[in-house]
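Chemist: Sequence:
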Amino acid sequence: MLIEKKRALREINISEEMFNELLNVFVEQTETALKILKKTVTRKNYEEMRKQAHLISGSAGNLRISGIQKLAKEIELEAMEKREISVIKSHIGKLRTDFEKVKEEVSGGQQ
Numbered sequence: 001m002l003i004e005k006k007r008a009l010r011e012i013n014i015s016e017e018m019f020n021e022l023l024n025v026f027v028e029q030t031e032t033a034l035k036i037l038k039k040t041v042t043r044k045n046y047e048e049m050r051k052q053a054h055l056i057s058g059s060a061g062n063l064r065i066s067g068i069q070k071l072a073k074e075i076e077l078e079a080m081e082k083r084e085i086s087v088i089k090s091h092i093g094k095l096r097t098d099f100e101k102v103k104e105e106v107s108g109g110q111q
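Residue 1 is where the sequence shown starts when you use our numbering, and the numbers rise one by one after that.
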């Protein structure tokens with residue numbers, strides 16, 4: 001499981017209901033951010049890549065979804081350093097794969 005629900009509830013001190021609502025918002029916002037991220041790679045727009053990766057990293061970190069948070073942070077740093085697009089693209093693919101797993105956890109109530 002990618003969502004560390006027990007840890008999140010303990011550390012951020014919110015109700016389970018509120019946490020689940022925040023997860024749904026996270027899924028919606030991250031879906032949009034990933035679409036934008038994909039376009040920025042095509043255009044080699046490193047600054048927008050950095051912004052979108054930062055958004056995902058921050059949201060995932062707040063909800064204690066550490067796998068997503070770490071990957072997004074890595075993409076953010078790669079965009080800042082203007083690394084090879086192929087490297088960034090590969091990490092975005094991994095981020096998308098992990099995000100799909102998170103979506104399954106959220107929709108299946110497994111978190």
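The set of hints was computed from the structure by calculation and includes no laboratory data.
All C-beta atoms in this analysis are idealised placements derived from N, C-alpha and C, irrespective of residue type, glycine included.
Any given hint could be a false lead.
Ranges between beta-carbon positions, derived for each pair [claimed, not checked]:
{"hint": "1", "residue 1": "R43", "residue 2": "K103", "range": "31 to 37 Å"}
{"hint": "2", "residue 1": "E100", "residue 2": "N20", "range": "28 to 34 Å"}
{"hint": "3", "residue 1": "K38", "residue 2": "S107", "range": "29 to 35 Å"}
{"hint": "4", "residue 1": "E81", "residue 2": "K6", "range": "32 to 38 Å"}
List of simulated lysine-lysine pairs, DSBU-like, C-alpha gap at most 35 Å [stated by the list, open to error]:
{"hint": "5", "residue 1": "K35", "residue 2": "K73"}
{"hint": "6", "residue 1": "K103", "residue 2": "K89"}
{"hint": "7", "residue 1": "K6", "residue 2": "K94"}
Chemist: Each hint: holds or not?
Modeler: Here's how the hints hold up against the structure:
no., hint, in the structure
1, R43 with K103: 31 to 37 Å, "26 Å, violated"
2, E100 with N20: 28 to 34 Å, "19 Å, violated"
3, K38 with S107: 29 to 35 Å, "22 Å, violated"
4, E81 with K6: 32 to 38 Å, "35 Å, holds"
5, K35 with K73, "17 Å, holds"
6, K103 with K89, "21 Å, holds"
7, K6 with K94, "25 Å, holds"
Consistency note: the structure conflicts with the earlier hints numbered 1, 2 and 3.
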